[in-house]
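Next come the chains, spelled out residue by residue.
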Amino acid sequence: MSFPLLTAAAALPALGAIATAAVPAGRRTAAKWLALLVSLGTLALAAVIAVRFEPGGERYQLTESHAWIADFGVRYELGVDGIAVALIALTAVLIPFIILAGWNDADPAPDAAPGLGGAAPGSGGTPAGAKHYRWRPTQGFFALILSVEAMVILSFEATDVFLFYILFEAMLIPMYFLIGGFGDRAHAGSDEHAAAQRSYAAVKFLLYNLVGGLIMLAAVIGLYVVAGNFSLTEIAAARADGTLEMAATIERLLFLGFFFAFAVKAPLWPLHTWLPNAMGESTAPVAVLITAVVDKVGTFAMLRFCLGLFPEASAWATPVILGLALVSIVYGALLAVGQRDIKRLIAYASISHFGFIVMGIFAMTTQGQSGSTLYMVNHGISTAALMLVAGFLISRRGSRLIADYGGVQKVAPVLAGTFLIGGLATLSLPGLAPFVSEFLVLVGTFTRYPVVGVIATLGIVLAALYTLVLYQRTMTGPVKEEVRTLPDLRLRELVVVTPLIALLIFLGVYPKPLTDIVNPAVEHTMSDVRQKDPRPEVEAAQ
Amino acid sequence: MDNAENLIALLVAAPLLGAVVLLLGGRRLDRTGHWVGTALAGASFVVAVVLFTEMLGRPGDDRTLYQHLFSWIPVGGFQADVAFQLDQLSMTFVLLITGVGSLIHLYSVGYMEHDERRRRFFGYLNLFLAAMLLLVLADNYLLLYVGWEGVGLASYLLIGFWQHKPSAATAAKKAFLVNRVGDMGLSLAIMVMFTTFGTFAFGPVLDSTGSASEGTLTALGLLLLLAACGKSAQVPLQSWLGDAMEGPTPVSALIHAATMVTAGVYLITRSGAIFDAAPAAQLAVVTVGAVTLLFGAIVGCAKDDIKKALAGSTMSQIGYMILAAGLGPVGYAFAIMHLVTHGFFKAGLFLGAGSVMHGMNDEVDMRRYGGLRRYMPITFVTFGLGYLAIIGFPGLSGFFSKDKIIEAAFAKGGTEGWILGGAALLGAAITAFYMTRVMLMTFFGEKRWQPDAKGELPHPHESPRTMTAPMIVLAFGSVFAGGLLSWHESFVKWLEPVTGFDHGHAPLGAAAITTATVAAMVLGVALAYLQYGRRPVPATPPRGSLLTRAARRDLLQDDLNHVVLVRGGEHLTRSLVYVDHSLVDGVVNGTAASFGGLSGRLRKLQNGYARTYAVTMFGGAAVLIAATLLMRAV
Amino acid sequence: MSTTAVHSLWITAAQPLDKIQAPHIEYAQLAPMIIVFGAAILGVLVEVLVPRRSRHHTQMFLAVVALTAAFAAVLGLAAGGYGTTRAGIAAMGAIAVDGPALFLQGTILLAALVSVFTFAERRLDPSADGRRVDSFAAQAASVPGSDSEKAAVKAGFTTTEVFPLALFAVAGMLVFPAANDLLTLFIALEVFSLPLYLLCALARRKRLMSQEAAVKYFLLGAFSSAFFLFGIALVYGYAGSVAYARIADVVDGTVQTIDPALAATMGNDALLLIGGAMLLMGLLFKVGAVPFHMWTPDVYQGAPTPVTGFMAAATKVAAFGALLRLLYVVLPGLSWDWRPVMWAIAIVTMLGGAIVAITQTDIKRLLAYSSIAHAGFILAGVIAATPEGISSVLFYLLAYSFVTIGAFAVVTLVRDAGGEATHLSKWAGLGRRSPLVAAVFAVFLLAFAGIPLTSGFSGKFAVFRAAAEGGAGTLVVIGVISSAIAAFFYIRVIVLMFFSEPRPEGPTVAVPSPLTMTTIAVGVAVTLVLGVAPQYFLDLAGQASVFVR
Amino acid sequence: MNPVNYLYLAALLFTIGASGVLIRRNAIVVFMCIELMLNACNLSLVAFSRMHGNLDGQIIAFFTMVVAAAEVVVGLAIIVSLFRSRHSASVDDASLMKL
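The listed protein sequences derive, respectively, from chains A, B, C and D. Heads up: the first sequence begins at 1 in the UniProt record's numbering, then just goes up one per residue. Heads up: the second sequence begins at 1 in the UniProt record's numbering, then just goes up one per residue. Heads up: the third sequence begins at 1 in the UniProt record's numbering, then just goes up one per residue. Heads up: the fourth sequence begins at 1 in the UniProt record's numbering, then just goes up one per residue.
Honestly, I wouldn't trust all of these hints.
Below, a list of computed lysine-lysine pairs in the DSS-like style, where the Cα atoms sit at most 25 Å apart [what the hints assert, rightly or not]: (1) A/K480 / B/K604; (2) A/K480 / B/K454; (3) D/K98 / C/K206; (4) B/K454 / A/K410; (5) C/K206 / C/K150; (6) B/K604 / D/K98.
Hint data in this document are derived by calculation from the structure and do not stem from the laboratory. Note that the structure is predicted; figures quoted are calculated from it, not measured.
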């Protein structure tokens with residue numbers, strides 16, 4: 001029994017969250033630094049995990065297993081495969097930037113500051129009033145972010161279905177408070193209106209995911225009734241060697257129960273409508289947390305649990321799911337074109353991207369699934385870059401409406417440049433990371449479902465459309481009066497954006513380190529679902 | 001030199017380095033930046049020359065150099081490498097790109113002198129060079145795709161360089177989007193290749209076309225053609241080129257005349273093996289080529305904006321190349337040859353136009369020029385030589401390349417041959433017409449200068465040496481390149497190992513065709529002279545015939561796009577937004593609301609009267625008993 | 001005391017005295033109930049003998065000691081193996097001492113203990129004339145708003161009778177799930193019901209509502225117990241006996257000696273079915289299952305909040321215990337008849353409770369409806385008709401009772417001029433005014449909603465799993481749906497507390513004495529422990545899941 | 001005489017009591033109806049006891065009477081206090097809490 005690395009990677013942020021929450025009200029800055037240090041420590045641990053992980057080795061490595069709730073057949077079982085390692089790394093990398101980007105988002109502001117983010121006028125909005133309440137928004141904000149990190153990381157590590165489910169559900173609560181409690185200070189209309197909007201978004205987020213989760217709960221219970229335990233490895237093995245028979249209908253029902261929850265989380269059309277509200281109303285860092293980190297749990301779970309536990313049912317459902325994915329791709333992109341709100345636009349773009357991810361997963365080819373895994377990572381980074389820069393912009397001008405901007409590029413060239421790079425990543429320009437994953441997904445899909453592949457390829461044109469329209473309307477053209485005084489990126493903001501962009505370029509030019517880790521895991525998944533890549537029609541002359 | 005291949009990466013690296021340094025360098029490079037950029041472009045030209053000499057030193061069939069850098073995307077059977085392949089075809093392009101590119105860098109030093117963002121401009125230019133070189137050096141289609149989109153990006157940045165002008169920003173966006181449509185074709189082509197051959201490297205794919213079904217190959221060909229149309233502004237994806245003239249003139253010269261727009265020709269020539277095996281696709285190619293060469297020419301006749309007129313001619317000239325490339329081995333060599341000569345004279349013409357604008361306070365309307373030959377002699381001479389070259393004046397570059405293409409077109413044989421050849425001939429005549437028009441309106445006739453925005457009349461003057469020098473060099477190119485290349489068919493022989501070659505035999509002899517070409521040219525010049533040389537040019541454009549007005553509007557293609565795509569798209573998105581809000585979202589909210597309503601109704605039962613409660617209990621008990629008895633009954 | 005015992009007395013009364021054999025009573029095994037009963041009677045004496053000043057403390061002390069002692073006794077019995085190996089019938093067949101009985105008695109005693117703390121809380125209400133007052137009427141007899149009431153308040157009277165009353169109720173509840181014949185069951189029912197009726201009427205504030213609640217509860221309770229009694233009569237008529245074992249044998253038809261009368265009645269199943277249905281009804285009324293739930297919201301709202309918490313928790317535990325025993329020991333032979341009916345009741349209870357709760361505006365009524373929904377969930381476990389079903393129900397009851405008591409204890413803290421501010425609108429922005437209280441309440445709400453890592457989830461999972469294994473998959477799905485609906489209104493409260501602006505004239509949060517703090521702390525602790533590491537208690541419930549017959 | 005008739009009578013009384021509970025407004029009367037129901041139970045218990053020839057039923061009847069007495073004590077206390085504070089014993093007036 002070596003050092004429990006995986007547990008540590010989750011425990012550190014969890015303890016950090018408690019510690020941060022405990023920081024006294026007066027010491028806001030201390031709390032911020034504490035949170036940042038903790039997240040960096042987690043990043044270090046994640047790096048150690050990535051190093052200790054041998055791509056060629058066992059499927060699940062660094063495993064830990066302890067008895068937990070024997071009565072439910074539940075064990076505390078952890079283990080990582082390549083996919084998990086990649087996503088843990090993503091999470092650990094993004095959180096510090098999220099914290100840094102949200103550095104001042106949760107300060108109780110004297111002026112109109114909605115939600116827990118501070119006291120609003122009429123209820124003693126002055127700092128004095130803020131003191132009068134014993135609420136400590138800043139500490140809470142960063143504590144919540146860290147707790148989310150802990151749960152997300154642990155859910156990537158869990159190889160016990162029940163454990164995963166618990167985290168899958170529990171992480172909703174901190175997210176819920178982050179969305180509903182710390183709204184974007186840039187909002188149209190009165191504070192009351194904004195507050196209403198915000199809590200609507202938060203409740204919508206929670207209810208959608210809770211309903212998904214509860215339906216999954218039914219499936220989880222069903223799985224227990226069928227399989228008698230929750231160990232992913234054991235069940236998969238039993239399925240493989242035929243000792244665990246499942247009636248087709250049962251398997252399909254269970255699959256649907258699981259898939260529904262993941263599809264809500266992902267989010268897949270038509271279960272997507274919570275995402276634009278949530279991302280629009282929350283602060284940019286939280287929006288990044290939602291779409292770049294938390295939602296990945298959904299697609300990850302499709303790959304690990306849906307395919308791993310219910311291969312036949314997955315194959316059975318593939319046509320429908322591919323259809324939904326296609327709709328998401330095109331529909332999300334078209335809606336992104338139609339948006340007036342920068343953050344909602346990015347949200348719909350994400351929906352389109354999640355369509356690609358799901359499509360790649362269920363294309364059942366190595367290219368598709370490796371592509372999807374890479375896509376999760378790259379989409380995380382690119383969305384983070386784009387959304388955070390957008391957040392900086394919005395916080396300057398105090399408006400989320402595209403129409404309120406224009407000619408920013410002339411006033412703040414660096415901001416505009418980073419925004420453009422983020423956008424180019426979103427439209428997956430070759431040379432930037434997302435291209436690699438998107439092309440893999442497309443190729444992987446095309447080799448098995450040509451028509452689907454062709455339609456999905458439309459997505460790349462639409463992506464160019466909404467990204468460039470956004471850039472043109474906000475950054476180019478004559479300088480708007482309100483924009484004239486906007487400052488360019490500050491040091492803290494540069495520290496946030498630059499590494500992300502560097503990552504985008506590096507992973508675009510040399511993704512091999514990632515693919516080396518991911519490929520073996522994908523091979524395993526492919527053998528789970530008993531699928532092989534289609535052979536080329538003719539043997540190419542070498 | 002035994003391991004020259006290691007130099008290949010240098011070709012790309014030099015300008016790329018330049019781009020990085022210039023774009024990240026910050027203000028401290030503002031003073032020297034442009035020279036850095038120019039130097040690196042030049043360096044890459046030098047490397048190219050070195051490699052060229054190295055290549056000449058080898059036997060004809062062993063001139064291809066390979067360099068494998070690293071494995072890029074290895075996933076299962078999908079193996080994408082970053083690897084270069086330098087053969088005669090790529091070499092030709094490399095020389096053209098780096099050569100003309102360096103010249104235009106030099107020119108820009110002068111042209112962009114007064115622009116405070118000159119450093120960034122050079123950064124973009126270097127980025128473009130790097131991408132373009134990557135495009136022609138890649139040894140597989142995926143890497144080519146990277147360069148392909150890279151040049152798209154560079155052109156987007158450069159067209160929109162003056163972003164404060166909404167027109168520029170829009171033009172840039174349009175260019176990128178239209179290109180994306182083409183890129184879709186290319187990426188789909190790559191997918192088809194991977195599905196068919198399990199690879200997308202040039203060698204394996206092109207060698208094993210024999211074993212693939214013709215249907216697949218036709219599909220491939222059409223997809224590649226789509227890509228080529230996007231990049232090379234061929235009908236139906238030509239609409240972006242005209243607007244692209246919003247960019248600074250050197251950009252128009254380098255990207256939208258000499259190099260980038262020829263990428264399509266490169267793609268088709270490179271994939272020759274596929275097209276040769278798919279006649280249907282070839283037919284599509286020649287059709288597109290023929291249509292575009294006429295389309296561009298007609299548009300060129302109607303434009304009063306000098307750059308737009310030249311843009312039209314670019315379209316048309318590339319139409320020639322595509323046409324030639326579509327003819328198969330008969331045409332490949334000539335397509336490339338025309339590409340090279342065109343690179344010289346069209347770049348020269350654009351630089352000339354830029355020089356004129358430079359002298360005329362950035363006035364672009366030819367109706368406000370006139371009689372400039374006396375004020376800017378060098379420009380006049382170099383522009384004139386370029387003009388003679390493009391109309392195919394015997395002995396100049398254009399003559400040789402274009403004549404060969406027309407000949408090849410006739411050689412296609414049958415009615416096709418006649419149609420294509422006829423189109424090419426007609427095109428030659430129109431070319432002569434509109435180029436003469438440009439020449440006359442700009443340099444001859446009386447002054448029609450107008451005060452500019454600031455209200456002061458322009459004082460035309462010759463441009464600085466950094467600008468004229470490149471023009472002179474290019475002028476030499478436009479005069480002699482053609483002759484040089486067709487000397488003992490040296491160029492054809494040079495390319496033959498890559499593209500293959502066979503002498504088609506035209507229905508009527510080469511001499512006849514040449515005469516016809518010259519005749520067409522003379523005819524065009526004469527008509528133009530009667531129209532614009534003899535009588536004065538009105539400063540405000542006359543209403544003109546229906547065709548003219550259509551041609552002024554790019555033959556209504558934009559209007560079509562606007563109606564069909566833009567309007568339609570807007571409607572679609574707007575309705576979808578509505579659907580998303582009221583339908584998809586509505587269903588969910590509706591469910592919630594219905595529960596609320598139900599709850600509201602149910603709670604009414606709780607009316608506070610103990611007796612009601614008692615009744616409910618009593619009823620419940622009754623039902624309970626009844627049910628139990630019923631259970632037993634059934 | 002069993003009827004057979006009395007019977008023997010009756011017969012032998014005529015005989016010469018030396019023939020009397022005294023009934024044999026296992027005092028040790030009955031210790032918990034005896035202790036509580038004794039303490040209750042002592043409490044009455046205290047009311048008579050101890051001067052008013054020190055009554056409150058004496059009563060409180062007595063109650064706490066008694067409950068602790070009784071709990072210790074339960075532990076002792078459990079440790080002595082009376083829950084498992086040595087389980088048996090005591091008091092001449094009147095009381096069963098077995099796993100479920102002990103487990104539930106333990107739960108009831110703990111719940112009662114923590115609720116007694118809230119009973120004794122005297123810091124929340126503003127002190128009247130310098131005297132600390134609790135949440136019970138100064139003098140229940142005095143008319144609200146009358147001079148006599150004012151005088152009573154001035155004199156600093158307090159209704160210390162609540163402690164003995166509570167003890168009597170607890171004693172009855174201890175007997176209820178352990179009762180092994182119908183008579184004992186009925187007596188126990190009345191013994192714990194009557195004091196509760198009274199307790200409901202004793203609120204200090206909002207006395208009219210309190211009295212109204214008491215009347216409703218009393219009338220409806222008596223009404224249902226009449227049905228219950230008639231059920232007993234019919235079953236007795238069918239089986240010729242009220243002893244569980246005997247009835248079970250008759251129902252199963254495994255009885256040895258059949259006299260003609262029995263043969264005659266046994267032929268008439270209607271007696272059994274109608275009687276059984278009426279028994280069920282009586283228990284379902286106490287459980288608060290639809291359609292016998294309608295008293296719940298009104299009574300929960302009107303009763304003094306500490307009493308509400310105590311009722312909501314302890315009554316449910318006791319009633320479900322009795323229900324389990326009835327269904328598993330007496331009527332297993334009828335399971336084909338009662339299971340479908342219970343199915344229907346469970347479904348309407350789950351859905352009804354959840355749906356009606358959506359539009360509630362009073363926090364206490366809200367919790368009342370949520371308790372109805374939870375009754376539905378527990379019924380799903382009851383239906384499973386497997387040992388897992390029993391253990392899951394036991395576990396759920398344990399988890400649920402502490403969440404409930406904790407939640408109602410928090411409700412007592414949020415006050416404005418009119419006493420407790422139970423209207424939801426007044427809770428707006430509580431999270432801003434006093435984050436700790438709001439956070440604690442949020443924890444309880446999340447537990448009610450069954451969010452993982454809270455006891456609510458473990459319980460729900462256990463119950464649903466048992467139901468699923470018992471072949472009630474549909475029930476599980478419906479349960480899941482209704483808990484989704486339920487989640488909605490718990491979330492509504494959280495939104496209100498945290499995301500909406502506090503009203504300037506909003507309520508204040510009173511700082512309670514260590515008593516209530518302990519209650520709430522225990523509630524939170526149990527909620528989290530049962531949520532994170534429930535294994536030990538699951539094992540306990542698992543061992544305790546066998547009924548003695 | 002056939003003891004079954006007593007059962008019919010008991011059922012009748014029970015029903016009368018129940019309907020009285022449902023119909024009458026005055027709390028006292030309602031309560032008396034409940035007592036009637038209890039007594040119906042007693043009657044049936046005694047009848048069954050007679051049929052089965054064992055005394056359990058009769059004994060339960062005694063217990064029931066005691067319970068009924070206790071209920072009277074508690075019930076009257078509550079009802080009276082309600083009456084004093086409202087000057088009305090109507091169960092319908094006591095409907096502050098609803099919905």
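So, going through the hints one by one against the coordinates:
{"no.": "1", "hint": "A/K480 / B/K604", "in the structure": "57 Å, violated"}
{"no.": "2", "hint": "A/K480 / B/K454", "in the structure": "24 Å, holds"}
{"no.": "3", "hint": "D/K98 / C/K206", "in the structure": "15 Å, holds"}
{"no.": "4", "hint": "B/K454 / A/K410", "in the structure": "23 Å, holds"}
{"no.": "5", "hint": "C/K206 / C/K150", "in the structure": "15 Å, holds"}
{"no.": "6", "hint": "B/K604 / D/K98", "in the structure": "8 Å, holds"}
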